[in-house]
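Those sequence lines, one after another, are chains X and H. Once you know that position 205 of the first sequence is 205 in our numbering, the rest is easy, because the numbers rise by one and skip nothing. Heads up, our numbering is the position in the second sequence plus 372, with the first residue counted as 1.
No lab work stands behind these hints, which were simulated from the structure alone. No experiment lies behind these values; they were computed from the predicted model shown. Fair warning: there could be bad hints in the mix.
[Said to hold, decoys possible] Straight-line C-alpha distance at most 30 angstroms; calculated DSSO-like pairs for lysine-lysine:
#	chain 1	residue 1	chain 2	residue 2
1	X	Lys261	H	Lys756
2	H	Lys557	X	Lys265
3	H	Lys600	X	Lys258
4	H	Lys615	H	Lys600
5	H	Lys451	X	Lys258
6	X	Lys265	H	Lys451
7	H	Lys558	X	Lys258
8	H	Lys600	X	Lys304
9	X	Lys304	H	Lys558
10	H	Lys756	X	Lys265
11	H	Lys756	X	Lys304
One letter stands for each residue in the lines below.
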Amino acid sequence: MALVLTEEQNLLRDSARGFIGDKAPVAHLRKLRDTRDETGFSRALWKEFAEMGFAGVLVSEAHGGSGMGHMEAGLVMEEIGRNLTPSPFFATAMLGATALNKAGGARANELLKKLAAGDLLLALALDEKSKHAPSKIDTSAKKSGNGFTLNGAKTFVVDGHVADLLIVVARTDNGLTLFLVDPKAKGVAIERTVMVDAHNAARATFDNVALDADAVLGEVDGGAAILEAVLNVGRAGLAAELMGLSEEAFARTTAYLKDRKQFGKAIGEFQGLQHRAAHLFCELEVTRAAVMRALQTLDEAPEKAGPIVSLAKSRACLSGDLAVREGVQMHGGVGMTDAFDIGLFMKRARVAQELFGDAGFHADRIARLRGY
Amino acid sequence: MADIETFRRETRAWLEANCPAEMRTPPDEENDRCWGGRNWKFKSEAQRQWFEAMRDRGWTVPDWPKEYGGGGLSKEETKVLRQEMRALNCRAPLDSFGIWMLGPALLKYGTDAQKKEHLPKIARGEIRWCQGYSEPGAGSDLASLQTRADDHGDHFIINGQKIWTSYADKADWIFCLVRTDFSAKKHEGISFVLFDMASPGVTTRPILLISGKSPFCETFFDNVKALKSNLVGVQNKGWDVAKYLLTHERDMIGAMGLGGGRPLGQVAADAIGVENGVLDAPVLRADLARLEVDAWAFQLAMERAVDLSKAGQSHPAYSSFLKYYGTELNKRRHELTMSTLGSDGLEWESARSQEGDAPRAWLRTKANSIEGGTSEVQLNIITKRILELPGA
């Protein structure tokens, strides 16, 4: 596949850019943050996402979705990144939909319908340590009667405090199993954790939570394959979000370089800043190619997507980090103020880097795959 | 798409049948490449076979028109051919400044007679070209060049000196920037001319580099005659041709960022050892992994550059990005190669080290970010033409 957007994808990007830029610019995030909004995003806006076909972007038309692909989902993530929009799109439309698609079955299909309509919010409860480590799962689900008893603690659960259902990754006798857990069930405790970026996250603990057999998503002990698919989609989505975020931070920074005057001229006339800006441009171009190929691979050969998705996430973390650091530095004193937006980009980039593995995690993964 | 898949299958089968095993190993930096030209001597029978098979299909220049000796392939087919060659590790059948630099400039700016005269000889590897750009006083500030060409009606008489002329001592012809108007502003008095290096008055002197090799020369012109029929583009407007050619030179140099040969991580695993699947040198491993991430992504960026140009979405200064990034990457790769090889990588003369192949290649890469416009010049171009920052 050529590493350029098709005509349809260009149209979708334009419509996502217009819609999200109009309805949820950075001011939208500020308002949610400053009013300490309990939900952390706008439910009305999420309904509009559903009407646009975005909530069901990865849900087939047979199950009420718009049946688009990962490239299209990535384009929406890019615009979310550009505007720092708090949205259930990541946890529900990308992670949740992928888990349900992969698991299949009557219940999953029912849930997909609700999800695509904007009537179901999901949250993935995976990590237990402060650094992403999907192989280190201590949360356990022990057989008891016809069902299971769930015990453990999860952290960094995106949208955990508002989700209608949690998708919990737990260890069972012979592997990992994914469970659909009602957050209101006895023994479940959820604590919203206000994060540096003012986006949603939560801790969840499970104390002898009784689960029915039908809480299992997919097969018992068959969770690893679903989880891998979910992680691939999530990591590529975050890479796309970081790409959009970085480009917007860069655009704002170059605009500032042209505007701000010191020593009687625009600071963008100084070669010390020019070369750093030009270098950053190059880093972003290199990342874009990797992100596009990762999203394409998820559409065309998802079973082979692991390494290229790691490449995309690793690169997007590196260049995104550079973009926001240079952004704040080149804005000078005003870059340190809360009134200026550039700092918000730095905060969100930090969180998006940490989610599902940072640049080092994914570089390490690639090195292992290559035998060193 | 069905047609392109047929083309891919047929191409793969043809390459498998026609590319000798010896030509499917990575070439040594200087010695294994086929450069062609009047005095070319093939290094091996396999090199000759591979060159001739590709030449006869026009695949030394697959995307040039057939009437000029090319393969007449579409951009899509050319891309497929390159992919299939890479998949089989096929060497380039012919390395040539004529192919990489002069050819594209002639296709755009040459007269029909010039194209017919020069392009087929490039395609068939009959004439080896060198590039007369830099001068002792005109490096990064190339447009200040002083080599003069005096107008004598149907020809010029050329006097002056070039430097860093790659392989001038081995080349048959030169494409050369000369000043034809000394009263105009520096960019507006330059012309682009072609002439035979065997002409009376041309002398070359190789320059010994830190690598111990002499790929570059000083080149002197003492009343050298060049026919005006070999003036490319408009007299005094040679800077346009020069800049266009430079974008192709930058693509060529930037492509070095793709690397080649055995993956460095595996070289390191063999040289240093692996414990529990992880290289037994954690800090070096981190550097290698980061290089691998950047190099793989850069490879995709090169691919995207081709796709962007095919879709008519490429920025004219994009080659400066590729040149800058690719050369910095290649320098990094060779630094890490040296760290990986340890003391084995320091031997300069032994047969074991292929006469110091690794350290000489490492030193050679230091020129990558100087030749064809320094990294700093590329950043200036990106600043001015893509970012449009003021005063650049």
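Q.
Run through the hints listed earlier and report the numbers of any the structure violates, in increasing order.
A. 3, 5, 6, 8, 9, 11
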